[in-house]
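Asker: Bring the two chains, given one by one in their own frames, into a single complex with the hints.
As a plain string of letters, each chain reads:
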Amino acid sequence: MKGNITRRDFLKRFGLGASLTGLALAGCDSAGNKLSGNQNSSMPAGDGKMTYRINPKTKDKVSILGYGCMRWPTKSGDSARDNEDEIDQETVNDLVDTAIAHGVNYFDTSPAYCKGRSEHATGIALSRHPRESYYIATKLSNFSPSTWSREASLAMYRNSLKELQTDYIDYMLLHGIGMGEDGMDTFNKRYIDNGVLDFLLKEREEGRIRNLGFSYHGDVKVFDYLLSQHDKYKWDFVQIQLNYVDWKHAKEVNERNTNAEYLYGELAKRGIPAVIMEPLLGGRLSNVPDHIVARLKQREPERSVASWAFRYAGTHPDVLTVLSGMTYKEHLMDNLASYSPLKPLDDEELAFLYETADLMMQYPTIPCNDCKYCMPCPYGIDIPTILLHYNKCINEGNVPASSQSENYREARRAFLVGYDRSVPKLRQANHCIGCGQCAPHCPQSIDIPGELHKIDGFVEKLKQGTLS
Amino acid sequence: MLKRTRQILAIISILMVTLLFLDFTGTVHAWFGWMAKIQFLPAVLALNAGVIIGLIVLTLIFGRIYCSVVCPLGIMQDGFAWLGKKAKKNRYSYSPAINILRYTLLAAMIAAIIAGIGSFVALLAPYSAYGRIVQSLLSPIWQWGNNLLAQWAEAHESYAFYSVDIWLKGGVTLIVALITIIVLAYLAWKNGRTYCNTVCPVGSVLGLLARVSWLRPVIDTSKCNSCGLCARNCKASCIDSKNHKIDYSRCVLCFDCIGKCHKGAISYTFRRQPSTSSDQSGEQEVDTSRRQFLGVTATIAATAAVKAQDKTVDGGLAAITDKKKPSRKTKIVPPGAESIKNLTSHCTACQLCVAVCPNGVLRPSTDIDSLMQPESSYERGYCRPECTKCSHVCPAGAIRPITKADKSSIQIGHAVWVKENCIPLTDGVECGNCARHCPAGAISMVASDPSAEGSVKIPVVNTERCIGCGACENLCPSRPFSAIYVEGHERHRII
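Protein chains in written order, with the working numbering: chain L, 1 to 468; chain S, 1 to 495.
Isolated chain S, as found in the complex (with noise of 0.2 Å):
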């Protein structure tokens, strides 16, 4: 009963999601938006106090439940978990806690949050790992199958259904999530919940909490003739059957064990004397194949490379080069952001806002001191003014909720004229591209020559209006790169 319970919410709420990561069209946000933000190293960041009290009293009352119905990352492993039970029965052995390496784990993350070095907090975080497998390896298969389906509708004459284009937004954040999945599948088939009992930082706060948790599963001793089968069934290696306790701080609830027992020794029941768990040491699962998956994945990597850019020209058209990326000094981070410092020390990288964002213009970015958190960039579109999704979807106020009239104001950045590709200069053709789209009217068009008013006209930019969206910068006709183009400001500022 109690198995069954925490199977159908596991299910229903892994479901929620991965659909929140995959949907790209915004609706099933408004429905379970709040999935991500009930999410707790999120929440921690964004100092969600409702819900970090929230996880803190759930977890005080019944212990580890958040491990098993509500992390994602948790609930995969328990379904590669349960493929490696059914290829074994009783597979599972008790382990003692590798404290050292938790607590140490767990303190660097602590440092690194208040140092604000995202992309190490970013790497062991369970829901923004969870979102990278889905965005970077799960997204573009269902992006696949949606453009299938606009196929049929367009031959069907239906609008139900619309194409999207699928890109490679990030390298790195690809290999990463390859990295995490085989990674945690691996250990997950194995031994279980390795990963959330020695690596996740969540796992290791939850269990200090859980120590002393109201609700917890006890042996009663008098029922209990040590057969150990329940230890054997424990994917978190924490039932010490010959002793008769049980590790709190790893276990994650399943409540396998109460099934497995058939003495009925075991039962979810309120405490009854203060657990006493002792430190000790033992062995640590390492992964020894690392080198082998790095190669698999740099070759998926490769190929999904190529088949992101397989979009090209129709015949009869003057060919058109695909934009390059600008170097640019300041990198450009999206509006809500606020600074660049606010988003690298509050994003867990989980890629939500790269999943929604419908312009082609977030991607996860590869410096090392940000890597996998969000950064804008124009080649495929701009930053568009009704859009502000990035914003509402963040979980952990690295993009704070803006609205479209909030964005309209925000300077995330200011546009640069580069004169040496300005088409009305190299083609002597007028243009103005950039200026009639500015959505700020930030730039005007005067006449390249002072001294004679009919010369081609070349575009000023007033760059105190300039809110850096990267709508001169998209449709500049110049190519590969664009005779004006957007630099970040570290610091957003209201205008």
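Same shape as in the complex, but just chain L (with noise of 0.2 Å):
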């Protein structure tokens, strides 16, 4: 009878589990979460509060989960960020249904999101919601040349009320400054020149705009400058970068990209308050390496990898909101979880996470997944081989970050003497002769002459003991 269950008592014991999944997740019954054993659906733990942050100008109380919305779902199932597809209205409806019911105040979205139909799908859920029951944020995303003009500039700005069915938007965001090839620039011809700031300053007096800020991706230099500015222009709020790895490694993720611990500590020093996007640095947080799982596993075995994340940026107090693009239920569900309460980072955890933080950037894996498109290489290199024992090395944590390392010497052997054994001597990276053929060939963009030599760079380091 034990282990044989019943056809009876299995529809019994689903119907239970299914009914409580469901009570869960209609009403927060954290006691939901024990029976039905459902991990995905695993519901806020402690009392189930979201946490909120005050705005300091407006005194509006923010949720620190933020709704990005540039993700969101076609019906096709994928994110319309990659996608031609139809939005799925309906499950945009839920979502935004489900988040305002568990507290989430805040939308984030930008007429340039989801090949621009972002801020109409994401008008009609918020619609069928009270206006004060929510805060919505949208930005003036004239990144076109074409929409540099004042006149275009300004009819985007129209259209973002009239997509979003509101006569006031509650956060206001210069989008994306820093980036162009000068960004100074850009930013002048964007904002200054055509006297589009001067005319969102305006709204703000009026209150159309009830919060300005700016959003800031690339140059530092138009980042300090509009700080340098804040006299001037009162921000309300600015929206950075900020993670675990960001915080220290942003140049090694991206060469253009500033630490955030400069810009998060730039902003806190004049009370400036953040809004955080790219908690999880667009997923490498949360699709981590092996022994990154299992580390982070090993200390909250029952949070998912994403909520430390997610605790990470709401850690700082000067963070209003930290967005998140979810897409599907599960997403939002798990990041109810982190922030209903969020419970905060103590020091040690802190140190923990940069410690791993440093573990993965050492070596980040390749986001090779063998197609074998960029087969065959002329000179007879087995790539995708050569790419794929490097990411299991450093799945296994068998790529040493030191001689020093606790496993250095098994590690070196696991690596060198795997590396021979899934790929001849004569097919290995140090073959590679930079000619670039199998580049443009490749769909996930993979700099394979780079990644090869960093590769063959990183053996060369082994067998000569030369690793730091």
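Since the hints were made in silico from the structure, they are not lab data.
Capping the alpha-carbon separation at 20 Å, the derived lysine-lysine pairs in PhoX-like fashion look like this:
| no. | chain 1 | residue 1 | chain 2 | residue 2 |
| --- | --- | --- | --- | --- |
| 1 | S | Lys341 | S | Lys329 |
| 2 | S | Lys223 | S | Lys260 |
| 3 | L | Lys189 | L | Lys221 |
| 4 | S | Lys242 | S | Lys260 |
| 5 | L | Lys202 | L | Lys232 |
| 6 | S | Lys85 | S | Lys260 |
| 7 | S | Lys88 | S | Lys260 |
| 8 | S | Lys404 | L | Lys463 |
| 9 | S | Lys86 | S | Lys260 |
| 10 | S | Lys3 | S | Lys263 |
| 11 | S | Lys404 | L | Lys461 |
| 12 | S | Lys325 | L | Lys425 |
| 13 | L | Lys425 | S | Lys324 |
| 14 | L | Lys269 | L | Lys57 |
| 15 | S | Lys323 | L | Lys425 |
Answerer: Shown next, in the form of structure tokens:
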């Protein structure tokens, strides 16, 4: 009898579990969690109440989880960012309803998101709720030179109001300052020369924009310049990229980025609230190497890998809200669990995460999925096998960070012996001449010769014993 | 008791030396490396005074025990002789020493060493002959066994064993090793230590010393009944039982006779009277079937050659042509050798360096003036910056010990560019693999057309900085002949 469940028993139990799950979903009943045993729909831990932050100027009570509306789902299931499909409005409505029901009240969109369809979909979903129950953030996304004129920019702003079915914007942003070949020049052309910034300042005076700020990517000179003009512009908030990797390793992730430690510090110094984007570094902090998963899960076995990144972002006291582009309900539920309420990281946990970031940044995995489009290499290199061996070693913890690492000797042996086993000597990375014929074929846009030379350099260091 | 001690020591000793030649990981050498350094001829060539004096004193006290417990070739012959004795008991007989041959060969050997004709020395020296046998014949079997273990380890996700390339390093050396072992096995099986007492120059030198050794086996004439049993069991054929005399220049102290004598007439004891050995002439054992052996060995060598090449390409990948050795005006010898002359005059061609080279660089030479001595070539790998193994194993001072730092500044040759083969010019693609891998930073990439900045880049070599390691040659994508190759230097320079 034991372990041999009858069909009726099964149905009974299943029914109970399902109804409890449903209950849990509807009413944040954390007791349901235990019985349903469903990790994905795991409910907010603790008392299940969303953490809020107060906007110092308007005294808005903003939920620490902000909904990023750049990845609304399409009917085919993917995010509308990657796909031409029609946005699945019904699911969007459901996501928005669930979010609001659990206390989320900050929705961040842009005329550029979802190939221009985000504001429309967001407007439909939000307009079904009382206007005062949520805050709308949108941006003046005049990236294209064709929209640099005052008329085109203002038309974009007015269109946002229309699409979002509102007559005021709670949080208005200059979008992506610092971008462009010459960040300062581009900024001037987009917002200064055409008088658009003056117009937006005026809109703020008149109350149609309740808070004015900017989002920053790229050239830090523009960021510094805009903050130096804080007395003049009185920024109400600034949106920056912040996560436990970007805190100190932003340059390694992207040449043009700036460490979040600096950005956040500059804002905190001036008392400007920070809105956080990329808390997951484009998903790279949820899809991490096995050894990192193990490391994080060991500390918090019942929390997701991503929860660490969200807790991290929320731990900084001057953060107003943390944006997450949630395409799937599971992501939303997981993030709600992380923030209802937010359990800030203590100093020891912060140190642990920074150490994790160091580990991850030492040797990030290469996004090769073995499609073999790059093959055959005319010089006989077995490209995917080399990249996969490298990834495998990273995920198994066999890419030692330094010769002082605890498992250096074993890892070195596993890496080198495994390398010779998986790739014949003549097909290894040291034979890559860097002709670059493979690179254009890679759907992941991997800089194949660059990666191969990097791996070769690493192998040389292992062989010569010159790893720092 | 004496015999048992000799046997145990001999077995330990030959196992250590053999492992020294078989081990490709470099671990055994740390433990048993000294076994190679105490070999007589390498010590002489390395002018290793301590070892030479030690061995001379040892022989003056005990007689030729070196030949019984240190020399691996001698122990190997004892092994064959033991098999022979199993087949037929009491098979040996006394024969007078063939001193003309012995001392002529010894004189020739000394002359060759002084003249620096390494290949002649190499052919006769006992330790190096044994090294060649192990390296050429036993090592492939050992490595094959290792590769089986590596396969097993791979199947079990273990990194305990890794597989190694088995390849024919030198055809001539293999043939010489085969002939050596066949001839020696035959001689030892039939007549015991014939080689040691008529050919081996080390045996001859030690024999001269052993004539006056302090301890020696002595026949007590009062007890001896002249049955001749001792002589019939003497593998050195040195007991003249009729005259109750032992030729101490040939006795290798196996102590078999002591145990065989029913009367207890032979004992290992102090010298009582100055020995009076007489020069006598006699027949020499001549190998008659040399031609036949050559035929057999050639066949085996050819089979081995085919076997060594069977690593082929996998499917779905571009085929890769094997590299061919370029014709070098001057051959390359490894760093530490100091000069081709130094290597040639000190090397006994024992193959220990060839056996330990993990990069497939060293192989025995086929040139007649340096036959079987090591030389470098870069078709299979290059002389990697972290490796100085050959310099540390050499017992003869042919390759002197160097450190990694030393190596980085020893110029053993210089790279030469071959325009016709260079991939950027032939295929019109970017390359620079030579420059990227040059550990000395001696190669820069420059525009092939000085007037056009954007033209494809070709390598230029700063020969002052080049150390001749062959990274460029080995990693050059041009096949079968590289577009950049190393010319050796007769004398190595410090840069």
